[in-house]
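Asks: Listed below are the residues making up each chain.
Protein chains: 2
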Amino acid sequence: MKLHLKSKIRIIDDFPKKGISYKDITPLLSDNESFQATTDELQKYYANKGITKICGIESRGFIIGSSLAYKLNAGFVPIRKQGKLPYSTTSVAYKLEYGTDVIEIHNDAIHNGDIVLLHDDLLATGGTINAAIELISKFNPQKIYISFIVELSHLNGRSRITNNKTYNIHSLIKFDS
Amino acid sequence: MKLHLKSKIRIIDDFPKKGISYKDITPLLSDNESFQATTDELQKYYANKGITKICGIESRGFIIGSSLAYKLNAGFVPIRKQGKLPYSTTSVAYKLEYGTDVIEIHNDAIHNGDIVLLHDDLLATGGTINAAIELISKFNPQKIYISFIVELSHLNGRSRITNNKTYNIHSLIKFDS
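Note that the protein sequences, when read in sequence, are chains A and B. Okay, so the first sequence: first residue is 1 according to the working numbering, each after it adds one. Okay, so the second sequence: first residue is 1001 according to the working numbering, each after it adds one.
Among these hints, one or two may not hold up.
Here are some chain B residues pointing at chain A (derived, C-beta under 7 Å) [claimed, not checked]:
| id | residue |
| --- | --- |
| 1 | ILE1012 |
| 2 | TYR1022 |
| 3 | ASP1024 |
| 4 | ASN1032 |
| 5 | GLU1058 |
| 6 | PHE1062 |
| 7 | ILE1063 |
| 8 | SER1066 |
| 9 | SER1067 |
| 10 | TYR1070 |
| 11 | ASN1073 |
| 12 | GLY1075 |
| 13 | PHE1076 |
| 14 | VAL1077 |
| 15 | PRO1086 |
Since the hints were derived computationally from the structure, they do not count as laboratory data. Every residue, glycine too, gets a C-beta built ideally from N, C-alpha and C.
Please build the complete structure, drawing on both the sequences and the hints.
Replies: Written out as structure tokens, the structure reads:
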């Protein structure tokens, strides 16, 4: 099943810039069977873990984050770029290759009784997920799980996740180049 | 049920600017019961319509668009802002209050056999949805359905949708102020 799903990821060379081998998840999403299978595989993995909230990172993290929230009967919480959320927020700034970025979450979204699944579509060098972990941690949830559809193993993002030994980090599809 | 869902929409005055009464869907999403109920109500409405693809408009349209695609066993297709999609795209430009915006879709995402459900979280004055209809129509699908979680009835967005008589337009929750 996982091999079949991997075949639905489209490799696009030199996007968004020269030298980058981009992993495009849209063929996996637009095919109803692989969309179902992706959600179902993740649901099987996270069933019985008591997940109460899935936090999806804008904007590709919203997609499987949402279908999985439905399937796990959890609430869905968007983590968004600065200025997009209308209510009171907590934010974290993080470094990009050039400049900085800021992500935000609503202050009433996570409570300390929550078991949170933090979801993004892809793990590369880990900058965004580290900022998201820092953000969620401010709300002291019971536990944080971390999930990706695709992991670029050769970029060692997993080892760059702060305190990575303390988290359950899971990806469905791995690439090593 | 619908009354209950309406109570989960948070009204935020003067966001994103003075005079606007913003309808915040995040409390509806973060509550697992209302998230389930929203998806289930829409699924009931669209069951047996033969939907093959749900096109969600970036980025709030990705959320319920995805859980509904899962529940209807349809594929999910993102409609994104310019420059975000890595493969070959078709695009449509549309006017905003100040300046213009461009939305795009992958060229291999929709085929003429598809029955498409176009989903966004909210119908205000209809600018974005009109651009999205124009975009999807270029691929000559069998039929286009149009869905929103929230409709701001007082802004008459429904009557501003081009050829609105020819589409099935559905919203789950209506506000008239």
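Asks: Taking the numbered hints from earlier one at a time, note which ones the structure violates and give those numbers from smallest to largest.
Replies: Every hint satisfied by this model.
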